[in-house]
Structure formats: structure tokens, C-alpha cells
Amino acid sequence: MDESAVIQVERLTRRYGTRPGYEAVRGIDFSVRRGELFALLGTNGAGKTSTLEVLEGLAQPTSGTVRVLGKDPYRDRRTVRPRIGIMLQDRGFAADLTVAETIKMWTGTLSTPRPAGEILELVELTTRANVRVRQLSGGERQRLSLGLAIAGQPDLLFLDEPTAGLDPEHRQHTWQLISRLLDSGTTVLLTTHYLAEAAELADRLAIMHHGRIVGLGTPAEIAAIRPARISFHLPVGTTLPELPEVVAKVNGTGVVLNTEDLQSTLTLLLDWAARHELRLADLTARPASLEEAFLAIAESDQGAAA
Amino acid sequence: MTSLAWSEAVLLRRNPLAVLIAIGLPIGVVLGLRSSAELMSAVAADPGVAIVITVTAVSLNLFVYYNLVTALVARREDLVLKRLRAGEATDVQILAGTAAPSVAIAWGQAVLAGLTSAVLFGLPVPVNLLLVVLALVLGSLVFVLLATATTTLTSSVELAQLTTTPMLLIPLTFSGLYFPLADLPAPLEQLALLLPLTPVVELLRLGLSGTTADGSTVDLAGSFAPAVQPVLVLLAWVVMGGLATRRWFRWEPRR
Chain G
1 MDESAVIQVE RLTRRYGTRP GYEAVRGIDF SVRRGELFAL LGTNGAGKTS
51 TLEVLEGLAQ PTSGTVRVLG KDPYRDRRTV RPRIGIMLQD RGFAADLTVA
101 ETIKMWTGTL STPRPAGEIL ELVELTTRAN VRVRQLSGGE RQRLSLGLAI
151 AGQPDLLFLD EPTAGLDPEH RQHTWQLISR LLDSGTTVLL TTHYLAEAAE
201 LADRLAIMHH GRIVGLGTPA EIAAIRPARI SFHLPVGTTL PELPEVVAKV
251 NGTGVVLNTE DLQSTLTLLL DWAARHELRL ADLTARPASL EEAFLAIAES
301 DQGAAA
Chain F
1001 MTSLAWSEAV LLRRNPLAVL IAIGLPIGVV LGLRSSAELM SAVAADPGVA
1051 IVITVTAVSL NLFVYYNLVT ALVARREDLV LKRLRAGEAT DVQILAGTAA
1101 PSVAIAWGQA VLAGLTSAVL FGLPVPVNLL LVVLALVLGS LVFVLLATAT
1151 TTLTSSVELA QLTTTPMLLI PLTFSGLYFP LADLPAPLEQ LALLLPLTPV
1201 VELLRLGLSG TTADGSTVDL AGSFAPAVQP VLVLLAWVVM GGLATRRWFR
1251 WEPRR
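Read top to bottom, the protein sequences are chains G and F. Residue 118 in my numbering sits at position 118 of the first sequence; the count goes up by one each step and never skips. Each position in the second sequence, counted from 1, maps to that position plus 1000 in my numbering.
So here's chain G without its partners, still in its complex pose:
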């Protein structure tokens, strides 16, 4: 048992309909530690939302156990809910209420609400307070949704695609807000399609595919399942040296090397170039990105068969 775990999931499954039905979540295990940002990634239909709904206490698991803040989020709703914040996507508002009225309605249901003015400021909607939700842009509704999720000063925040539909400026701002919440000790579990953001901000992440977790770790650990890549242009008339454990692709003068050990391969390559006094034009070397790892997992049928 991980004592610092805020969320603990063991052998969770979720099935819709009766036999044979559709198994959306097929036995997953993971835990989220206090104060970390944990990202749940996956293709559409991978089971992210089905998992999230169980963690949020909106649905019961078919089998397996889930602990949120040490309690059953479904049965102990009454004690868990005041400590968590759930951000649904940009829907779920009455179109004819204004932003301020929507916040007033929501905070009236909470046990420890933030002041409405503070919520408006945090999600940058102060100037839109008296505008009806009907007239808001998708991005503004998204921010209002985030505002409601943090309105109860939660210890644990669930964010479903918090930056979807936001322009770059507001996306940046949203991430700053999430960072500040993390700094103040809030634990965050989020789903996102923006892998670069997940790579930069998540402490750890899980990749789901066909109802299973097929990758779990820090962004760097996950990315490391794919080889690093070196690319350059070979001077005319030269041939590549022997490089152990490297997959080389040569296309005219263009060369791409895939290697599990970036430093060794790069050392050998640069040594060889120095000895022959060669200039390798457009030389780049980088580890695999999270996106590459994600795509490799999503495209592999291993994920489905594992």
C-alpha cells in the first residue's frame, strides 16, 4: 500500500450492457500520489472517460477496487465530494444564466466555496461576468467549467481536457493556473490530447489503449520506449561507418539513425566525423518524443493483445 496515494486503483474493470456486453476498462492498476499531476492519455475509446467516471464517483466499477482520498468515491460520496473538484467539458450550463449567476448557483451547493470574484479572476472571466452563457465562446465556457471545478477549493482535481478549444494564450494561462494549484498542494488528474503539454507538465502518466494501461511512468520513461533519433546529411562520396545496434535509413545524402543509446552512438559518429574531417550538415540528435511513443503504442496491436 502506498501511503501517500490520493487515488488507488486495483484491477478495475468496467463493462457496459450484459453478456457479452462491451468491456470499456479491462483490469487496470495505478495510483496517484499526493501533490502530483498525473495524466491519463489514450486514443478515443481507450477507456479514459469510463475510468474517470468511476474515480469521480459518478459510476460504480464492474469489478475491482478504487480508493479516492482513502474512501470509496461512489458509496462515500458525501465525504469525498467536498474535497474533490470535477471539471466536465464545456457543456452542462443553463444557457440563459449569466456567468456570475452560474457561479452563484454552483457555489451555493458547496461546503467551502471560494468567493465568486476570486473564481472569475482565476479563470479570467471578470469582464464577462454579466454575459449569458449562451453568448460565450467555446473557450470561455471551458474556462467557466474550470472555474466551477476549483470553486470548492478541492484537494484533488479531475480535469477532462482542460485546454481543449482554448487559444494559445488562454491555454498558457490555464497551465499557469494548474501549476499554481499544484504548488499549493492540490493533486491533479487530467486527460488531454495535447501530448506536448502532458510531457512538459505531468509528473507521471498512464497511456490507455483498448481498456488497458499499456504505458505507465514519467514522460521521459514512456518516451524512452522508442529509440532516439540522429539525423544529418552525409557529404557526397562518403559511406557510413559500422555502428552497433543502430538502425540506419539512408535516402540520397539524408541519413536517419535510430538508436537505443543516444550518447554512445553519437560519440561514435562524431569521432568518426572528426577523424575524417567531415562536416555533417543539419545535424540533430534527440530522444523520442512522448508523441512518438504514444503513436507507436496506439498503432501496435500488441496493446490490444497484451
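Hints were generated in silico from the structure; no laboratory data involved. None of the values given here were measured: they were computed from a predicted structure. Backbone N, C-alpha and C fix where the C-beta goes; we use that ideal spot for every residue, glycine too. Hints should not be assumed to be uniformly reliable.
Said to hold, decoys possible - Computed from the model, here is a short list of chain G residues facing chain F with C-beta under 10 Å:
#1 LEU58
#2 ARG81
#3 MET87
#4 SER145
As the list claims (entries may be wrong) - To list a few chain F residues with every Cβ distance to chain G over 12 Å, as calculated:
#5 VAL1010
#6 LEU1025
#7 LEU1039
#8 GLY1097
#9 THR1152
#10 GLU1158
#11 PRO1166
#12 LEU1184
#13 LEU1194
#14 ARG1246
Please arrange chain F on chain G, whose structure you already have, making use of the hints.
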């Protein structure tokens, strides 16, 4: 819950159709009754009592029921109910908060009808005020629960016009407001007494003027015994509506 009731009241005020019905319904009822002495005497001997009974019954059946079905379906389809369920409010609080403004308006209309009638026609002193209150409270609960149950058959706000029609027409027609139920063949009369609105009208008649179903007049002491059956019928509707809601009520749109 109060914040939910408040926001629902704001939404109701911003819905022109609901406002029109809320204002037009009691006026229409009074004008209708005034236009036909026959209709008026079918409801009650005293014109003031007739107005109070009719306004109350029509408000509960038409305004509370219809308005709540459309409101709940609209909130469900907009995912407002789903969002509220992701918060701290309990299911009962969410439903009660949504229903509160409609019920408050119906009660307001009943009280206003009483005051207006008292001023214009002179209202007799009610025989048993407890039965009047009971009619209002139980009647409201019945039509709120019938509304929540009806939403399970209503997949869009537009469809509400169709799905609410049976509950809008049948109980009112056989409530004893349009014609004395004694005019019906005996089996039908018995059936009419089991509908959700008829016991409300019965209790109001008993409470306001001491008139029993067979037309005799009773005093305070004699008004309790004839009230038992209508109260039981209303309680049965509460249980049925409650069970149906619990079993079938959907908090999000069908996927």
C-alpha cells in the same frame, strides 16, 4: 438547495412562455368561470370557493407539472443535471431545487386567488384549513413526482408537448371541475376518484366549504372522515411517482 431554486427561478423568469402561462392561467380560469354560471356551480356553490379550487387545481396540474417536465428535460439535455450530480448536492436536493419555483408560483396563485376572491366575493371561513394545506402539499408532491416520472419518456423539450398531454387532459377532465362526477356511470366515477387531481379537488372542497363527494355539508369534526380516502389516493400517487422516478429517472441524455 436554495441557490438551485434561485437559479431555476431566474431561468423561469427568462422563459417568456412560462411567464405567460403563470400569469395567464389564473386570469383565464377566472374569466372562464365568470362566463358560465353552470360551470361555476359545478365546482362549488360559492363563487369565491369555486375560483380558489379551480385556480389551485389548474396551477398544480398545468403549471407545476408541465413547466417542471420541460425544465427538467431542458436541464438534462444541456447536461446541467449531470454537472450538478458531479458536485456536492444530493439527488433529492437537485430535484427539489428545480421544482421549488414552480411549486412556489402555484401556491402563490392559490393564495392570491383566495385573497382576490375574499375581496371581490367575500370568502366563507374555511371549514378545515388543514385539509386545504394537505391538498396543496400532497398535490404539489404528486405533480412534481409525475413530472419527474414523465421526463423518463421525454427525450427532448419539443417532445414534452406530446408526452405531457395525457396527464394534462385526463386528470383535469375527470377532476369534478367541469361536471359533477356523479353524472358518470358508477364504475367510471370510482375510477375518476383514483386519478391524481380528483382527490386534490375533493380535499379543497371539504376544507374550504365542507362539501363532501355526495354533496352533503359537514362541519370541522365531520370533515376528517371523508378526507381519508383522497389522502390515501394522493399518498399512493406519491409512492408510485417516487418509485418510477427512482427506478427510471435519467440524469443525462441518452447516448
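**OP:** Decide, holds or violated, for the assertion that all CB atoms of chain G are farther than 12 Å from the CB of ARG1246(F).
**Re:** With a cut-off of 12 Å, ARG1246(F) remains clear of chain G, as the shortest Cβ separation is near 16 Å.
Subject >> Assertion that PRO1166(F) lies farther than 12 Å from chain G (Cβ) >> reply: Its Cβ never comes within 12 Å of chain G, the nearest being 28 Å, so this holds.
Original post:
Checking the smallest CB distance to chain G, is LEU1025(F) really beyond 12 Å?
Top reply: holds (22 Å)
Original post:
Far enough from chain G: is every CB of that chain over 12 Å from the CB of GLU1158(F)?
Top reply: With a cut-off of 12 Å, GLU1158(F) remains clear of chain G, as the shortest Cβ separation is near 16 Å.
Subject >> 12 Å cut-off, C-beta based - THR1152(F) kept clear of every residue in chain G >> reply: holds (19 Å)
Subject >> Interface hint status, ARG81(G) versus chain F (Cβ within 10 Å) >> reply: At 5 Å from the nearest chain F Cβ, ARG81(G) passes the 10 Å test, so the hint holds.
Original post:
Any Cβ of chain G at or closer than 12 Å to LEU1039(F), or is the non-interface label fine?
Top reply: Per Cβ check, LEU1039(F) is outside 12 Å of chain G; nearest 38 Å; holds.
Subject >> Check on VAL1010(F) being off the interface with chain G, judged by Cβ distance over 12 Å >> reply: At about 6 Å from chain G, VAL1010(F) fails to clear the 12 Å cut-off, so the statement is violated.
**OP:** Could you check that no beta carbon of chain G comes within 12 Å of the beta carbon of LEU1194(F)?
**Re:** Per Cβ check, LEU1194(F) is outside 12 Å of chain G; nearest 37 Å; holds.
**OP:** Under 10 Å, Cβ to Cβ, is where LEU58(G) needs to be relative to chain F, so tell me if that hint holds or is violated.
**Re:** Hint holds; LEU58(G) Cβ to chain F Cβ min 6 Å, cut 10 Å.
**OP:** Return the status of the interface hint for SER145(G): holds when the least beta-carbon distance to chain F is below 10 Å, violated otherwise.
**Re:** holds (8 Å)
Original post:
Per the CB criterion, is MET87(G) less than 10 Å away from chain F?
Top reply: OK, holds: MET87(G) within 10 Å of chain F, min 9 Å.
Of the numbered hints stated above, those contradicted by the structure are hints 5, 8, listed in ascending order.
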